[in-house]
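**Student:** If you want the building blocks of each chain, they are given just below.
Protein chains: 2
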Amino acid sequence: MRIVIDAMGGDHAPQVTVEGALAAAAEWKDTHLILVGNEEAIHPLLGGALPANLEIRHAAEVIGAEDEPVKAVRRKKDSSMVVAGRMVREKEADAMISAGNTGALMTTGLLVVGRMEGIERPALAPMIPTLDDTGVLALDLGANMDAKPEHLAQYAVMGSVYRQKVHGIAKPRVGLLNVGTEPGKGNELTKHAYPLLEQLPIHFVGNVEARDVLTGSCDVLVCDGFAGNIMLKSLEGTAGAVFKLLKEQFSKSLKTKLAGAVMMPELRGLKGKLDYTEHGGAPLLGLSGLVVKSHGSADANAIKNAVRQARTALQSRLVESISKEISGK
Amino acid sequence: MRIVIDAMGGDHAPQVTVEGALAAAAEWKDTHLILVGNEEAIHPLLGGALPANLEIRHAAEVIGAEDEPVKAVRRKKDSSMVVAGRMVREKEADAMISAGNTGALMTTGLLVVGRMEGIERPALAPMIPTLDDTGVLALDLGANMDAKPEHLAQYAVMGSVYRQKVHGIAKPRVGLLNVGTEPGKGNELTKHAYPLLEQLPIHFVGNVEARDVLTGSCDVLVCDGFAGNIMLKSLEGTAGAVFKLLKEQFSKSLKTKLAGAVMMPELRGLKGKLDYTEHGGAPLLGLSGLVVKSHGSADANAIKNAVRQARTALQSRLVESISKEISGK
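Going down the list, the sequences are from chains A and B.
In our numbering, each residue carries its 1-based index in the first sequence increased by 837.
In our numbering, each residue carries its 1-based index in the second sequence increased by 837.
Any given hint could be a false lead.
Remember, identical chains collapse to one label, so a pair may be satisfied in a single copy or spanning two.
[To be verified] Straight-line distance between alpha carbons at most 25 Å, and here's what the computed SDA-like set of lysine to any residue pairs gives: (1) K928 to R1154; (2) K1028 to G940; (3) K1022 to L948; (4) K908 to K1028; (5) K1110 to E1073; (6) K1110 to G1097; (7) K1028 to E987; (8) K1089 to T971; (9) K913 to R923.
Read the hints as simulated data drawn from the structure, not as lab findings.
Keep in mind it's a predicted model, so treat the numbers as computed, not measured.
Turn these sequences into a full structure, and let the hints steer you where they fit.
**Tutor:** Dropping the structure here:
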């Protein structure tokens, strides 16, 4: 298994990508890791001898968080992200991981790695936290703002296969993000997607309202990128706002400060529960190879976890399974 | 000023509508109130002599929460909601208030009261709570799931005039609900709406992300009904989930129970802050008359507040002002 890591992607790169790669190399001896990036920046962070299953591949350029995605991918052909994508396309690696610019990574997936045959739109599929800690895989939460009903149907199939293969859920419940639970509800997109989803060989549980997503009413949530973003950012904003208010309340008087001291450890746990940045890497589904997006603020542990995730996906032959479902072969 | 109240609309009707009307009649002697509904159900709740400025108008039918909106409005011509709408259309009343079936009320607005000239889509505009307690008027949050850029532009004008006239904000900040703050961001709808909003004689502050809505970054938030619903229900779901988790945490041990006892009154305040059902009635903007939607779970006080709101809107000549802005005359 060969997994390539974009060493320069993310807010804390290359420090955390190198640390994460070293930890992963130590844990999984059967996995060959390739760190792509600026050799001069990477070498001092290695702290001694290179493990036998870790390789450095030099790439002179870096795509930054502020770079315009399509332009950056087209022009920076020697950037760590594009080089990593090319290695996946040319079968030099089985999977790539990047914590870099999300739009650029979507573009790298599309233009460098390439779409899977039969897929119209690859989709970014992060896990959204739920109260029961199982989480829901939501897609698309990537750069495709508008979607057609047929795209949502493909998202449903891809998400369902991912949950089966990578998370071992035998019959993932697939829900459609909507404004009401009845079949006739929604906008033109969801009204037309509903009957398509009903016909698929998946466990479609119908429409799911935004307020029920957190209670874990489905394992896969299908939506267009715009609606998904609105949902995710609302969740993030509300949770953040409530915790901020709580903190203010706790600091009001001596009495509440004491109560706060008792509750704070518990509250931190709660906050982590609702922090979607802590819930692992997001696969980019529908490409001819495996691409995993780590959060921009990923630490070394998150990078290591993304390697774990990529390993599971490769071992379960995720990409081949999705291709089979999509082509119907 | 003549304000008609749908006595039969809402979860607790006619009890709370009658109580609310009595309270409003006592407070505002210059306002003539008309309760429309089943006389036999209303009379026993009046508790004595009818105030001079309160009138009962009998209507035999009721549109229920489960009724299919368009069918109900077309068939139940003698329902309290449709009769109230007809009174507004025929200038027997200046405004109507209903806590009944939202879809049916939107339909009553459209088919019975009638659209304002020049308006393509009337919009439902509730106040969404913000942390600074000022709130944001969001529209459309009604039955129009899909919108065109031109509709969003009209929502912007109507919302802006409402905030000026009814809430006394001299220069309301109008934001466009979107997935990023940069002008080029969004789906086809928001990308095309942005330049239209820039050209309007309003104080357009650009795109507003869902996570920033709660922090009061604008006074009017423009969105299509689908995205608005996703945002609102996410807010509702997350706030509900966090408070549920907190309650669980508080009941964990004696120590946390004591902390909980100290914090509970404060937390209830917080919960109220984020409860959008407590933030008054929502106007249905873009009709030829004034229609105010009270929440289904409205109590007598909420009905009285809706009367206050309708009075302010009538005194400030809201409908005429919107008409002037829309027609450009």
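**Student:** Which of the numbered hints are not met once you compare them with the structure shown?
**Tutor:** Every hint satisfied by this model.
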